[in-house]
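Engineer: Protein chains in written order, with our numbering: chain S, 1 to 180; chain A, 181 to 360.
Fair warning: there could be bad hints in the mix.
[As the list claims (entries may be wrong)] Beta-carbon label-pair distances, calculated as ranges:
id, chain 1, residue 1, chain 2, residue 2, range
1, S, Asp94, A, Asp190, 56 to 64 Å
2, A, Asp212, S, Met46, 22 to 30 Å
3, A, Gln247, S, Asp32, 23 to 31 Å
4, A, Ala242, S, Glu70, 41 to 49 Å
5, S, Asp98, A, Asp190, 54 to 62 Å
6, A, Ala261, S, Glu69, 47 to 55 Å
7, S, Ala40, A, Ala220, 31 to 39 Å
8, S, Asp166, A, Leu275, 34 to 42 Å
9, A, Asp217, S, Arg51, 31 to 39 Å
10, A, Asp341, S, Glu138, 53 to 61 Å
11, A, Ala242, S, Met46, 33 to 41 Å
12, A, Ala204, S, Met46, 32 to 40 Å
13, A, Leu275, S, Lys16, 49 to 57 Å
[To be verified] Which stretches of chain S does chain A cover? Using the computed rule of at least three CB atoms under 8 Å from a CB of chain A, they are:
id, region
14, 141 to 153
15, 173 to 179
Simulated from the structure, these hints should not be mistaken for lab results. No residue lacks a Cβ here, since even glycine has one placed at the ideal position from N, Cα and C.
There are 2 protein chains.
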Amino acid sequence: MSESKPKRADARRNEKTLLDAAAAVFVASGVDAPVRDIAAKAGVGMGTIYRHFPTRADLIIAVYRHQVEECASAGPALLAAADSPHAALARWIDLFVDFLVTKHGLAGVLQGDGFDTLHAYFLERLVPVCAQLLEAAELTSRVRPLELMRGVGNLCVGAEDNPDYDARRLVGLLIEGLRA
Amino acid sequence: MSESKPKRADARRNEKTLLDAAAAVFVASGVDAPVRDIAAKAGVGMGTIYRHFPTRADLIIAVYRHQVEECASAGPALLAAADSPHAALARWIDLFVDFLVTKHGLAGVLQGDGFDTLHAYFLERLVPVCAQLLEAAELTSRVRPLELMRGVGNLCVGAEDNPDYDARRLVGLLIEGLRA
DNA sequence: TAACGATACGGAGCAGTGTTCCGTTTAGCA
DNA sequence: TGCTAAACGGAACACTGCTCCGTATCGTTA
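All chains, full assembly: derive it from the sequences and hints.
Structural biologist: Shown next, in the form of structure tokens:
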């Protein structure tokens, strides 16, 4: 939540290196890539990774934080710009789905199980936005925001270069069902 | 797909013991329980488990095979008995969801990742049933059967004693969206 | 009933995870 | 230039699923 202290210069450098390496490895091998691989790619030892990011999840968060923030701030913007609250909600969900689907394995990791930190972060950040959109669309009686987010997240699992599974279509159906 | 050979008596006994132990452990600790725990509970060594069930997934399949078969055969029955194909589909999906949701962690395991055998078995067995129901309901243009099954399975992930996440509701919305 | 070969068993051991620990190195200040 | 807190590296740990092979047991046959 804050900057703490911008300590030593080499530490700063390593953190950036680590973030870049992690991002690269995530693209290449998915979010489940072994920590060792990331350390190797960055040319640092295990200890270094764990000093900067106490847990695998923290590293993932750090890598994707920027995009999560982007998605969060897109909510109000869409609400202001779109034709209707419904449309805004649909567009925003699309954004979220795009984000998840293009990150190999990210959706799978949203499901708790040792990734409590990650899970909590995503939800903390995005659920309020979702709540706002649902309220504007007068759909609060149909689903709770948290529920919808988790549902959409779940639907995105395994939707990577899988021609037999189109998460977007299913999410679309879910949203359609929302206003029936 | 056949009975092979009903070999030695102690082997038969152990297989039953193993199945019972696994079922018990699954209820207590979820489907992700370590193989060692199951072996311990059954009072046998690791080797014994792996002789009977070449892989963790095979053990899970064996434990739940009966219920999967039940679910599969419920499809045609519902189609014959229900008021409409739609109703039959909805009821059948309910059955499937109940099955997944009451088995701690089962849904999570449906998502491939080393459980290809399990995944394949479930799908092989249930997708045709789903296809039949979708055809009867004239919904084949809206989703492919495989897609729907996977989607529903995904929605059930993490719906265990979780007051904030009602998989049944979301699946309901999805099905509603199907006929919009 | 005794012996013997096929069958099944047990559990140590391997390989691959995430994470911790601590001796070593280094940045940056006096 | 020295010195100390900060940072580093990677061996080691705990925990997985799974394999391997020496040992025990079954059940058949003489």
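Engineer: Confirm or reject the claim that Asp217 (chain A) and Arg51 (chain S) have a C-beta distance inside 31 to 39 Å.
Structural biologist: holds (34 Å)
Engineer: That 22 to 30 Å hint for Asp212 (chain A) and Met46 (chain S) (C-beta), does it hold up?
Structural biologist: For Asp212 (chain A) and Met46 (chain S) the Cβ distance comes to about 26 Å; the hint holds.
Engineer: State, for the Cβ atoms of Leu275 (chain A) and Lys16 (chain S), whether the hinted interval 49 to 57 Å holds or is violated.
Structural biologist: holds (52 Å)
Engineer: Taking 47 to 55 Å as the hint, is the beta-carbon distance of Ala261 (chain A) and Glu69 (chain S) inside that range?
Structural biologist: Since Ala261 (chain A) and Glu69 (chain S) have Cβ atoms about 52 Å apart, the given range 47 to 55 Å holds.
Engineer: Please test the hint of 31 to 39 Å on the beta carbon pair from Ala40 (chain S) and Ala220 (chain A).
Structural biologist: holds (37 Å)
Engineer: Does the beta carbon distance between Asp94 (chain S) and Asp190 (chain A) stay inside 56 to 64 Å, or does it fall outside?
Structural biologist: holds (59 Å)
Engineer: Can you take a look at whether the region 141 to 153 of chain S is actually covered by chain A? Rule is 3+ residues, C-beta closer than 8 Å.
Structural biologist: Satisfied; 8 residues make the cut.
Engineer: Within 23 to 31 Å or not, the Cβ separation of Gln247 (chain A) and Asp32 (chain S)?
Structural biologist: Check passed, 30 Å falls within 23 to 31 Å.
Engineer: Starting from the range 32 to 40 Å, see whether the pair Ala204 (chain A) and Met46 (chain S) falls in it by beta-carbon distance.
Structural biologist: holds (38 Å)
Engineer: Does the Cβ pair Asp341 (chain A), Glu138 (chain S) satisfy 53 to 61 Å?
Structural biologist: violated (31 Å)
Engineer: Does the Cβ distance between Asp98 (chain S) and Asp190 (chain A) fall inside 54 to 62 Å?
Structural biologist: At 57 Å between Cβs, range holds.
Engineer: Verify the coverage statement for the region 173 to 179 of chain S against chain A, using a C-beta to C-beta distance below 8 Å and requiring 3 or more qualifying residues.
Structural biologist: holds (count 6)
Violation of the numbered hints given earlier is confined to hints 8, 10; the remaining hints are satisfied by the structure.
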